[in-house]
Amino acid sequence: MSTATSLHQSRKRKNSVMMTLCVAAAGIGLAWLALILGALLYKGLSGVNLAVFTEMTPPPGDSGGLLNAIYGSIVMTIIGVVVGTPIGVLAGTYMAEYGRFSKLTTVVRFINDILLSAPSIIIGLFVYELMVRPMGHFSAIAGAVALAILVIPVVVRTTEDMLNLVPNALREAGTAIGAPRWVVIKSVAYRAALSGIVTGILLSIARISGETAPLLFTALNNQFWSSNLNAPMASLPVTIFQFALSPYEEWQQLAWTGALIITLTVLALSIFARSLTGRREDK
Amino acid sequence: MSAVQEALPAIRGSRDATVRRFALTDAIFHGMTRAAAILVLVLLGGVAISLFAGSWQALSTFGFSFLTSESWNPVTEKFGALAPIYGTIITSAIAILIAVPLGIGIAIFLTELCPRPLRRPIGMAVELLAGIPSIIYGIWGLFVLAPFLQTTVQPFIISAFHGIPGLNSLFAGPPYGIGLLTSSLILAIMVLPFITSITKDVFDTVPPVLKESAYGIGCTTWEVTRRVVIPYTRIGIMGGVMLGLGRALGETMAVTFVIGNAHRISTSLFAPATTISATIANEFTEAVGDLYTSSLVALGLILFVITFLILAIARYMLMRIDARTGA
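For the protein sequence lines, the chains are A and B, in the order given. Numbered per full-length UniProt numbering, the first sequence spans residues 1 to 283. Numbered per full-length UniProt numbering, the second sequence spans residues 1 to 327.
There's no promise every hint is true.
[As the list claims (entries may be wrong)] Pairwise CB distance ranges (calculated):
1) A/55 - B/305: 42 to 48 Å
2) A/16 - B/320: 33 to 39 Å
3) B/116 - A/41: 27 to 33 Å
4) A/275 - B/16: 25 to 31 Å
5) A/60 - B/305: 53 to 59 Å
Hints in this document: simulated from the structure, not taken from any laboratory. Every residue gets a Cβ at the ideal spot worked out from N, C-alpha and C, and that includes glycine.
My request is simple: use the sequences and hints to build the entire structure.
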């Protein structure tokens, strides 16, 4: 009797120890992340003023803003999304519709998943070899292409997943009234999966708007205002990288402010993207 | 009646034309989607080929010694990848050692212990954190974590392990703040959301009836987790860990801030070091001479091969979990 009780006691003790550790793990994880976001808000907010959005990046030791970097980031992100999205949606469409059971789809899905997690600096090297070296100089368009390559796997993945969720009865109904396949896809499948596909696009924007590594040696950086796509262009992440590692206090402050801007943008995009599909998951 | 019969060929003709038009458009659309899917394959193939072509000069100059040489000297143009490879593997390994127990702990907390109303917000917070750009972690590591480690933690550890053989060389000073251990900590916090969310997802695939029958014979929550949930989801957890490892190996910006960029192999975890991606990020635009550039691309090729293998294994494992649940 006493051994049974002590066994029971020790099992209960072990259980409470392990469960406490799990709660502690969650606490550590959340506290750690709260620390990062707290430091970001604390250091970033103190540098937010109108000049950040209206002035160019300053020379060392001078005050200024981030306007050309913000502009560059927006331009390259837009081109990247505009180029990458159609390719991603079409490839996802093939995988979910025309080639759902084909061997090609299995292979593409596997390769796409690897591209999805491939180090972005590798993509930067690829675009350097592909565009910068033949052209002979760094350019914003090369940066945009690097970002487009990062957009594609995200969009492929979500498009395929979302189209696979569309009930087949809907497609059969379309086919039964004589609509050809592409009309069924365009007017039935896309419409049913629209919010999911848009979510994928938004998530891809969130991903590329903070990417630094692929821009380092494609778009490079530019201290001045430039809207020439064939020339180096500043971007927010690369500017943050350069300014944070500098010894100048004004630059470091701008780096924190830029980091805050990127983080808030990315978080807002992700939350908005999830709210589009969140309602369906609740059911 | 006769009017209808007269009209029939015309109707049939226009119907045939419509059907032909439909078939043509469909073939075009089919072809476009197929081409886009093939483009994804071409992209990965292009990455492999361009990296190989770009690194050919370095690989043919140094041969196999590129992998085993520690020297990295732009002046004499002697390049070896051993120090960056060492740094990459050590930082990723330590990061995984820290992140896996934490991630599994958080996943258990979320699936077994967390009050229901809190589950979605915390789960969502974890997923949002996976999306925060790595440069943010880098700047935090450089300005907040590294000074803290330098002034508080490292001097204490160095003096505490001073006389103990083995440990004293592992934690040898001086305290720089930046270095291998700092990078590992930053990487750990970065891969934590990935490992947590995948572990949580595979925990959710355990059929409730299995857990309920274990509870039914009197198991504690820990015993159910240890004996039922974890064995059932072992492959999926391994897949998640490998995916996190793939991320850690290739992570660039966060590490570049805090690694210290020293091309040497040191036994001390407090010493500055370098990783493959940090070396490329730091030196690529400043590299003078074809051989230097080519050596950096060769580093990229090594990283590509390592991460490709790790990620392929990870995906294979996660696919097996998917196949079992019929998802």
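Structure-based check of each hint:
1. Residue 55 of chain A and residue 305 of chain B have their C-beta atoms about 45 Å apart, which keeps the hinted 42 to 48 Å range intact.
2. Taken as a hint, the range 33 to 39 Å holds for the pair residue 16 of chain A and residue 320 of chain B, whose Cβ atoms sit roughly 34 Å apart.
3. Checked against the given bound of 27 to 33 Å, the beta carbons of residue 116 of chain B and residue 41 of chain A, roughly 30 Å apart, stay inside it.
4. Distance hint for residue 275 of chain A and residue 16 of chain B: a CB-CB separation of about 48 Å, inconsistent with the stated range 25 to 31 Å.
5. For residue 60 of chain A paired with residue 305 of chain B, a C-beta distance near 40 Å fails the hint of 53 to 59 Å.
Hints 4, 5, counting from the list given before, are not met by this structure.
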